[in-house]
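A.B. asks: Each protein sequence line maps, in turn, to chains V and H. Residue numbers for the first sequence follow our numbering, beginning at -18 and rising by one. Residue numbers for the second sequence follow our numbering, beginning at 7 and rising by one.
Please note: incorrect hints may appear among the correct ones.
The following residues of chain V were derived to be distant from chain H, with all beta-carbon distances above 12 Å [to be verified]:
(1) Met(-18)
(2) Asn49
(3) Lys122
List time: in silico SDA-like cross-link candidates among lysine to any residue, alpha-carbon distance up to 25 Å [claimed, not checked]:
(4) V/Lys106 <-> V/Pro84
(5) H/Lys192 <-> V/Glu191
(6) H/Lys262 <-> V/Leu(-12)
(7) H/Lys192 <-> V/Leu34
(8) V/Lys112 <-> V/Leu34
(9) V/Lys147 <-> V/Met74
(10) V/Lys(-13) <-> H/Arg209
(11) H/Lys192 <-> V/Ala202
(12) V/Lys(-8) <-> V/Glu18
(13) H/Lys119 <-> H/Glu293
(14) H/Lys53 <-> H/Ala78
(15) H/Lys192 <-> V/Gln198
(16) H/Lys166 <-> V/Gln27
(17) V/Lys(-13) <-> H/Gln208
(18) H/Lys192 <-> V/Glu80
(19) H/Lys119 <-> H/Pro250
(20) V/Lys122 <-> V/Pro84
(21) V/Lys147 <-> V/Thr16
(22) H/Lys262 <-> V/Lys147
(23) H/Lys97 <-> H/Arg286
(24) H/Lys262 <-> V/Gln27
(25) V/Lys(-8) <-> V/Gly23
(26) V/Lys(-13) <-> H/Pro184
(27) V/Lys106 <-> V/Val47
(28) V/Lys(-8) <-> H/Arg209
(29) V/Lys(-13) <-> V/Thr16
(30) H/Lys168 <-> V/Pro0
(31) H/Lys262 <-> H/Glu210
(32) V/Lys(-13) <-> H/Lys168
(33) V/Lys29 <-> H/Glu201
Keep in mind that the hints were calculated from the coordinates and are not lab data. For glycine and all other residues, C-beta sits at the position ideal for the given N, C-alpha and C.
Each chain, letter by letter, is given below.
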Amino acid sequence: MSLQAKLDAFKADFEAGRPPYSVPRSVIETMHRATAELIASGAARQAKKAGDLAPSFSLKDPEGNVINSADLLRRGPLVLSFYRGVWCPYCNMELRSLEATKPEFDRYGASLVAISPQTAPNSRKSVRQNKLSFPILSDVKGKVGEAFGLRFNLPNYLVELYSQLKNDLPTFNDDPSWSLPMPARYVIGQDGVILYSEVNPDYTRRPEPEDMIPVLQRATAVKV
Amino acid sequence: MDRLASMETFVRVVETGSFSGAARQLRVGQPAVSKSVAQLEEYLGVKLLTRSTRGLAPTEAGLGYLERARRALEEAAEAELAARGAGAGLKGRLRVCAAVTFARIHLIPILPKFLAQHPELELEVVLDDRQIDLVQEGIDVALRMGRMMDSALTARRIAKCKRFVLGTPAYFDRAGTPSTPSELSKHQAIVYLREGSVWSFQRESTELALTIQSRLRVTAAEGMRAAVLANAGIAIASEWMFSPELRSGAVRAVLKEWSLPALELWAVFPTGRAATTKARAFVDFFERTFDA
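Isolated chain H, as found in the complex (with noise of 0.2 Å):
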């Protein structure tokens, strides 16, 4: 038996709550998860899984057991890297996931130079506007942008961003260049689903806020950004969802005497995981390269 590997199956079948998700993770057959389980037990002589109505979860024993086995998979990740040496690069698979259109215009672009520093590493690169559950797809690391709500989560702020209401010349052509906020009324908003109709404004010690108008609300940027380029409206977005119309004059942002509440950009790593060596060595190198 493979002590290591039996490990490292026991903590992901514990993340995942079930052997399939754990068999999804490792590529492997579910038999083949429940038989390396079924051996860790009884090499140990002692039930590390009970079965419950709500899925697999850890006896107390299995419990202690899992703590100490992810710092032990966490120490021989280190000690081979250390033993390759610092400049030997990465190995293996990294998944890593990120909204769509943040990650076509920052991500992507930057990934081969990545990958030409690390010839023995594969990445996986999940695009999901949504927030998904990182244990449970096997992510290593997403970058994330908001506010960070779940304390649970370990995460660190890479960057911050200014959002702004923003256009086409075309449409300000046709329906006017807004000078107030209040002007925003007369307006037709390209509306982010998740961020609702009401927009908030500051500018000085004054807070402002008005619900505006809009026949087209979409659940993902890039149909934001879509119809944002096809004249269809304004639109509250961050700096990098228009990083290259901005710069090129295809998009122009108004009211920028008034802030908006900044949007922040996160690694966030799964829950009651240390980050991984991948991991780490993945955002030091995006925090390294991200130009926004």
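This is chain V alone, in the form it adopts within the complex (with noise of 0.2 Å):
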């Protein structure tokens, strides 16, 4: 089953109301609403795209280690996934299925890193609970979704609504300004550019994990 067909019949539920969630009509409603207006923004045309040059970063792990955008390129291209955090399904539904395709990755000698503005103690649950072997980096107050032109701000009926649902993300992230990334993939070249891009501004969309591996044959065929 593709992530996204999971993703799909997750959303039926969750939307129709069903336990555990059981979320009211009301609620789906202001969420579409947020989505539809992040994708009438038009900001997911602004984000980094195939082309450019991915922009550097160095960031911890949820250990402490401090991992280096240049360092993992040196050893072989980079999939790079922005998700929002541990606390929304559909990210760990992600994480989960690119743990599930991560050893085709390493046959290419592709590492593999997510990036999530959540604080370490969040990625670490974020680890276990879906049982990944790669790692998770906190992006301090989503200066390396800013630098990718993915994060937003939430308007302030979101807010409301995630203060209610107790999604309290400036706890989460450690961060005041109630900003997110958009989702979005990356494979990104020994030389630093950008081989693939592809930004959700609709969080219940992502990309399927093998539609990598096509670009990582290409990127691993020609050595830079």
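These two chains come separately, so use the hints to put the complex back together.
C.D. replies: See below:
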């Protein structure tokens, strides 16, 4: 079953108000409104894309080790996944799906890292709950997400809703700003140039991890 | 002195920036142009042009005269047309410019009909994929594709057309049919140099882009067409560029659930000049007749 098929099935249950979430219709409608407005803003078109030089980064994994994009690129191409946080069920499904495909990425000598604005304890929880073998990096105050053009501020009505749902982003992210990255996937070549980019302003849509494989095949066939 | 002819000459000199440029457009010798301007200046008792290191430029009096002269010429043309009656047809020379392949497939085939409607009209069709200087080349109207960047141009959008990733069945038999944009990474693409090797797609709200491999890059659409038809690889092209082949099945579009930025067709008139009656009539005809 493809990742998107799993996400679609989850979304159908979630939006029908079924347990365990049992979300009322008004909440779903608020979420739809926020997504529609983010799409309409055209923000996704402003993000870094294929052909652009990827912004370099130096971020900590949950154990406090500094992971440097330049070091990763010296070893091979880089698959980069921006996600929202451990509180987002769609993100967790995507992380598990990436983990399942990771052996394929390894075959091409590619590194896989995920980036989210959440704090280290939350990233540890992500790794533990989803049984991940790749690092989750904490993007403090969303700086790297910003450099990739993915960061956006939540509208007031969504802040209000998240507060009611106890989805306390300022605490999760140790950042008072109520901002998030749009989910996005990148494949970056060893020269630092983005080979593939996919940005999803609708967080219920994510690329298939397998879609990275032809790009990695090409990245490793054309050595820089 | 023919005042209207002198006005026309003066306007062309300013637009081209030289006597020789105006002479080329008017198809007269350069001495005739400078003589005509000198006579006009003498008649008006005021200098219209100054020579600078960058060529000829209108004086302040010349600038004021230029604007009114343009209006007068346009009015005169309208008056002539009105006097002859609506059915009388257009007269004289009309210079049109368009991209080579687009014109070959969509413009040239409908021109006989336009010429038949206007027996006293002569058409010059300048074919060039590049965006040439309309004023320098004396173009009355250009059919141009793409988004209009230059706000100084007077332009009108005529049509919009989809773009696809496409190739021949023979190529797909050999190299496989891509089912996702990411699979394009494995293909050889023919790249139109002006557009480059980053291809961007959209599906619902998703924005996807990838760099593609290409060992064949060409500068003209005609070359792209030939390369695709020679089974050399996939390309991004507009429906317009392959209308006959898409209909016959000689070329097939793939990844149709993903959309590429659409291509727009514009009628562009030279800067600072009102569209001539002839140019407008031509655009109206094209718009009515164009079958994408």
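A.B. asks: Decide, hint by hint, whether the structure agrees.
C.D. replies: Hints and how they fare:
{"no.": "1", "hint": "Met(-18)", "result": "holds (17 Å)"}
{"no.": "2", "hint": "Asn49", "result": "holds (24 Å)"}
{"no.": "3", "hint": "Lys122", "result": "holds (24 Å)"}
{"no.": "4", "hint": "V/Lys106 <-> V/Pro84", "result": "holds (22 Å)"}
{"no.": "5", "hint": "H/Lys192 <-> V/Glu191", "result": "holds (14 Å)"}
{"no.": "6", "hint": "H/Lys262 <-> V/Leu(-12)", "result": "holds (23 Å)"}
{"no.": "7", "hint": "H/Lys192 <-> V/Leu34", "result": "holds (22 Å)"}
{"no.": "8", "hint": "V/Lys112 <-> V/Leu34", "result": "violated (32 Å)"}
{"no.": "9", "hint": "V/Lys147 <-> V/Met74", "result": "holds (21 Å)"}
{"no.": "10", "hint": "V/Lys(-13) <-> H/Arg209", "result": "holds (19 Å)"}
{"no.": "11", "hint": "H/Lys192 <-> V/Ala202", "result": "holds (10 Å)"}
{"no.": "12", "hint": "V/Lys(-8) <-> V/Glu18", "result": "holds (19 Å)"}
{"no.": "13", "hint": "H/Lys119 <-> H/Glu293", "result": "holds (13 Å)"}
{"no.": "14", "hint": "H/Lys53 <-> H/Ala78", "result": "holds (20 Å)"}
{"no.": "15", "hint": "H/Lys192 <-> V/Gln198", "result": "holds (8 Å)"}
{"no.": "16", "hint": "H/Lys166 <-> V/Gln27", "result": "holds (24 Å)"}
{"no.": "17", "hint": "V/Lys(-13) <-> H/Gln208", "result": "holds (22 Å)"}
{"no.": "18", "hint": "H/Lys192 <-> V/Glu80", "result": "holds (24 Å)"}
{"no.": "19", "hint": "H/Lys119 <-> H/Pro250", "result": "holds (20 Å)"}
{"no.": "20", "hint": "V/Lys122 <-> V/Pro84", "result": "violated (31 Å)"}
{"no.": "21", "hint": "V/Lys147 <-> V/Thr16", "result": "holds (20 Å)"}
{"no.": "22", "hint": "H/Lys262 <-> V/Lys147", "result": "violated (42 Å)"}
{"no.": "23", "hint": "H/Lys97 <-> H/Arg286", "result": "holds (13 Å)"}
{"no.": "24", "hint": "H/Lys262 <-> V/Gln27", "result": "holds (24 Å)"}
{"no.": "25", "hint": "V/Lys(-8) <-> V/Gly23", "result": "holds (24 Å)"}
{"no.": "26", "hint": "V/Lys(-13) <-> H/Pro184", "result": "holds (23 Å)"}
{"no.": "27", "hint": "V/Lys106 <-> V/Val47", "result": "holds (19 Å)"}
{"no.": "28", "hint": "V/Lys(-8) <-> H/Arg209", "result": "holds (19 Å)"}
{"no.": "29", "hint": "V/Lys(-13) <-> V/Thr16", "result": "holds (20 Å)"}
{"no.": "30", "hint": "H/Lys168 <-> V/Pro0", "result": "violated (44 Å)"}
{"no.": "31", "hint": "H/Lys262 <-> H/Glu210", "result": "holds (13 Å)"}
{"no.": "32", "hint": "V/Lys(-13) <-> H/Lys168", "result": "violated (32 Å)"}
{"no.": "33", "hint": "V/Lys29 <-> H/Glu201", "result": "holds (18 Å)"}
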